[in-house]
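Participant: Kindly produce the complete structure, drawing on both the sequences and the hints.
Protein chains: 2
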Amino acid sequence: MKNKMITSRDEDFAKWYTDVVRAAELAAYSSVKGCIVIEPNGYAIWEKMQEILDKKFKELGHQNVQLPLLIPESLLKKESELVEGFAPEVAWVTHGGSKELEERLCIRPTSETMFCDYYKDHVSSYRDLPKLYNQWCNVLRWEKETRPFLRSREFLWQEGHTIHSTKEEAEKETNQMMEVYRWFHHDILAIPSITGLKTEKEKFAGAEYTLTNEALMYNGVALQAGTSHYFGQKFSKAYDVKFSNTENNLEYVYQTSWGTTTRMIGGLIMVHSDDYGLVLPPRIAPVQVTIIPIGKSEEVMSLVNKYSILLKEQNISVTCDLTEKSPGFKFAEAEVKGIPVRIEIGERDLKENKVTFVRRDTREKIVQSTDLDVVNYVKELLDTIQNDMYNRALERRENLTFVAHNLSDMENILNTQPGFIHADWCGDEACELKVKEIKGCKSRCILEDEKLIDGKCVVCGKDAKHHVVWGIQY
Amino acid sequence: MKNKMITSRDEDFAKWYTDVVRAAELAAYSSVKGCIVIEPNGYAIWEKMQEILDKKFKELGHQNVQLPLLIPESLLKKESELVEGFAPEVAWVTHGGSKELEERLCIRPTSETMFCDYYKDHVSSYRDLPKLYNQWCNVLRWEKETRPFLRSREFLWQEGHTIHSTKEEAEKETNQMMEVYRWFHHDILAIPSITGLKTEKEKFAGAEYTLTNEALMYNGVALQAGTSHYFGQKFSKAYDVKFSNTENNLEYVYQTSWGTTTRMIGGLIMVHSDDYGLVLPPRIAPVQVTIIPIGKSEEVMSLVNKYSILLKEQNISVTCDLTEKSPGFKFAEAEVKGIPVRIEIGERDLKENKVTFVRRDTREKIVQSTDLDVVNYVKELLDTIQNDMYNRALERRENLTFVAHNLSDMENILNTQPGFIHADWCGDEACELKVKEIKGCKSRCILEDEKLIDGKCVVCGKDAKHHVVWGIQY
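As you go down the protein sequences, you meet chains A and B in turn.
Positions 1 to 474 (the working numbering) are the ones given, in order, by the first sequence.
Positions 1001 to 1474 (the working numbering) are the ones given, in order, by the second sequence.
Wrong hints could be hidden among the right ones.
Within a straight-line C-alpha distance of at most 20 Å, the following computed EDC-like cross-link-like pairs (lysine to aspartate or glutamate) qualify [claimed, not checked]:
hint	chain 1	residue 1	chain 2	residue 2
1	B	1033	A	103
2	B	1099	A	103
3	A	203	A	428
4	A	99	B	1084
5	A	58	B	1051
6	A	56	B	1051
7	A	325	B	1128
8	B	1048	A	59
9	A	306	A	321
10	A	99	B	1100
11	A	144	B	1100
Label-pair distances were calculated between CB atoms; the ranges are [as the list claims (entries may be wrong)]:
hint	chain 1	residue 1	chain 2	residue 2	range
12	B	1060	A	11	35 to 45 Å
13	B	1060	A	328	24 to 34 Å
14	B	1060	A	100	40 to 50 Å
15	A	84	B	1201	49 to 59 Å
16	B	1077	A	84	32 to 42 Å
17	B	1097	A	379	49 to 59 Å
18	A	448	B	1348	51 to 61 Å
19	B	1415	A	237	49 to 59 Å
20	A	122	B	1097	31 to 41 Å
21	A	179	B	1366	43 to 53 Å
22	A	296	B	1384	47 to 57 Å
23	B	1366	A	122	30 to 40 Å
24	B	1366	A	296	56 to 66 Å
25	B	1060	A	440	44 to 54 Å
Take a look, some chain B residues computed to stay more than 10 Å from chain A by CB distance [stated by the list, open to error]:
hint	residue
26	1085
27	1157
28	1205
29	1248
30	1283
31	1295
32	1411
Rather than coming from a laboratory, the hints here were simulated on the basis of the structure.
Glycine included, every Cβ here is placed at the ideal spot set by N, Cα and C.
Facilitator: Here is the structure:
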């Protein structure tokens, strides 16, 4: 039975999305325009993301720090490209208490400037390098159009910031962290993102170059899912961050930054979920298994407890729904919340030595004998679900991947069914802007290792330099 | 040998404090007045605090959420006492991007208003209650005088916010969370805080009453270390948060909030640390044991590795300092960072089957045979250190606890050696203000379960109502 709270995905994708957000109680609108409340079910997913990424960052030698939320205007202005990129979308603090401030402060839209300000007093020799920092925090960008998780004025993210004594080492970091995001999306979120280089126009303000992970949503719209920037010495020159190198000469540091955000909660919804609510890949699900007793007999409750203890011992996250609600209501609730596996234990079934497992992703009911090795069965089932979800998302992505040889191909695709569109490009920004005229379609990324398709720019027909993936974005 | 970076604690306590903060690399000043950078060593302590408290909060049924950073002025103003209490110290956002806002927004100094705004649309029946929320976030208060960790314009904290269907249940929550803080300070931070009730003057703006944990620093100055507020229906009436109770009548919810902050990192320094740097109780130390090889012989390195593996298996947090620095430099570094136990493994000692353990708290060197059961020995040593640190802090607190029978007693004590001063009070705010004239001394808390000392108010001599602890505060 369809969830009445949720509009059909194929009928109205935008409405379906916000319905899932509300029905799964992931986020709520607030009295502050463009800002959301991340509710317990949403925040638990973010905590799981943090746990997995934080462990990986630390394994790679990064340390967490916390820098100020507010940035003095003069400090922000030192790097001209950054300020041009971000000034239109920052919030300004002008008063502290009852007094007007001598200099206004912006709420951080990103923290490169603050990190540079910190580095400059804490680095003097190559022996102090590299510095590998990460920060979990909130940032604010004064967006005009907002959508829960995907684009919100305030959002939560992690921003990695590192400095190095050589170009090579810094570029290695930029690549390494992009690989971490790729791993995170593919192996944990079951989202088959593609990885490439942003064009000059689309790169981060102030970066020498930006690597990006781009995910494709169910409706064929792209989502920038994680970026890793190489700054070279641009910021270190603007902020005067120098060190004495092994030859005892003063040199500017080489810098990177990289980040991913709560928007990936939106990504999980838009890639995997359905008309029954949220569908979560087991590796990111805060609750992996819910056990629902039907009736309260001693046999039922004893098996509920037994399963719960056995699974918890294996670090599987389990809840038992022992509330007074009806079984049907509990099933629907587990379903809308996206819990990967539901175990239904009922008196009638137990008499026949049966227990029912329900997969959230396929909604398949699997009746098993109570003799089964529940721990291994559930472990395998969770792995199967994770893999199946990835493969379905990959198949969907492949079905929504197109090739365009000229602008009218591009138009046809975008007017029929948007997706990832592969097309060659001459490298000229004018051609990029020409594509953008079609429903705001932008270059997603340059695939540096891919051969050209037919060697001609999809817009001007001149010699192409890059094989580019294009698409409409959130 | 004394650490040259650190002023003697007995010579200049304030300078000693900031020297320890810098020498242990816990925090750095930033270009934003009154805001600090929490550096890796400081942030790691905060992460450990978060881990321990978060686990406890969740065990007690609380869920984490994230509410907006910005609060519309009109929303803040709905509760008059709160706005009076906080308006002088909030930062105001007046511009978003290039446009002036229609209504200015303040950066949250605390989130009662936002939680009420959220509750009102998400609670309708007693079946929806209680709601037990917690939020880990940054807040901002426009303080005039600041000091790293202890008083900073921006700080990190957790703020618990709960609503209940009965007064009894809400008051139970208020008490329970105060008990959690008491446990956290005593059992984890080894800080023997005292617990009591704030006076009307000192309670949280808008609360019916505030419970507080008050810690005493090495120099006899008090630090408010965690508070738990009972709001009754004050906010729920102001923000119209109603539910239908079991009799199907509309009723306002009963509310609590409770919080503790990064200032406790300052508390750890001021209670436990010394002229050699930071001293951390083992249960809050991000690194509990450091192993320092002297020389690089195969025997040395093999024992370093063996100990490291054995201790890690028992979930003891261990680092091995394998850098190129000299052993003496490594010892000093481990000392200044406050690592509870240092193990020195050297070639010469190994020939005699000896290994050296050094306690950070007492700086005692203990030579042991290499035959010892290292895991149990270290476990016991960590417990001993934890207990000894608590007992020393308790003894210090007791030595700095005084009784005053009249105002001149109070003056004498505060002019000689401040501390916790027990004295009776009539309950009149005028008398409280009279005490404040002496070096800004305030009531710390009312000890409700304590008998009166001599039944007369320490100021006016009239009949006393309360046994109060007084003190100068950070």
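Participant: Could you run down the list of hints and mark each one as holding or not?
Facilitator: Status of each hint after checking the structure:
| no. | hint | result |
| --- | --- | --- |
| 1 | B:1033 x A:103 | holds, 11 Å |
| 2 | B:1099 x A:103 | holds, 17 Å |
| 3 | A:203 x A:428 | holds, 15 Å |
| 4 | A:99 x B:1084 | holds, 16 Å |
| 5 | A:58 x B:1051 | holds, 16 Å |
| 6 | A:56 x B:1051 | holds, 18 Å |
| 7 | A:325 x B:1128 | holds, 13 Å |
| 8 | B:1048 x A:59 | holds, 17 Å |
| 9 | A:306 x A:321 | holds, 14 Å |
| 10 | A:99 x B:1100 | holds, 18 Å |
| 11 | A:144 x B:1100 | holds, 14 Å |
| 12 | B:1060 x A:11: 35 to 45 Å | holds, 43 Å |
| 13 | B:1060 x A:328: 24 to 34 Å | holds, 31 Å |
| 14 | B:1060 x A:100: 40 to 50 Å | holds, 44 Å |
| 15 | A:84 x B:1201: 49 to 59 Å | holds, 51 Å |
| 16 | B:1077 x A:84: 32 to 42 Å | holds, 37 Å |
| 17 | B:1097 x A:379: 49 to 59 Å | holds, 50 Å |
| 18 | A:448 x B:1348: 51 to 61 Å | holds, 57 Å |
| 19 | B:1415 x A:237: 49 to 59 Å | holds, 56 Å |
| 20 | A:122 x B:1097: 31 to 41 Å | holds, 32 Å |
| 21 | A:179 x B:1366: 43 to 53 Å | holds, 46 Å |
| 22 | A:296 x B:1384: 47 to 57 Å | holds, 49 Å |
| 23 | B:1366 x A:122: 30 to 40 Å | holds, 36 Å |
| 24 | B:1366 x A:296: 56 to 66 Å | holds, 58 Å |
| 25 | B:1060 x A:440: 44 to 54 Å | holds, 48 Å |
| 26 | 1085 | holds, 13 Å |
| 27 | 1157 | holds, 12 Å |
| 28 | 1205 | holds, 15 Å |
| 29 | 1248 | holds, 18 Å |
| 30 | 1283 | holds, 20 Å |
| 31 | 1295 | holds, 22 Å |
| 32 | 1411 | holds, 33 Å |
Checked against the numbered hints above, the structure violates none of them.
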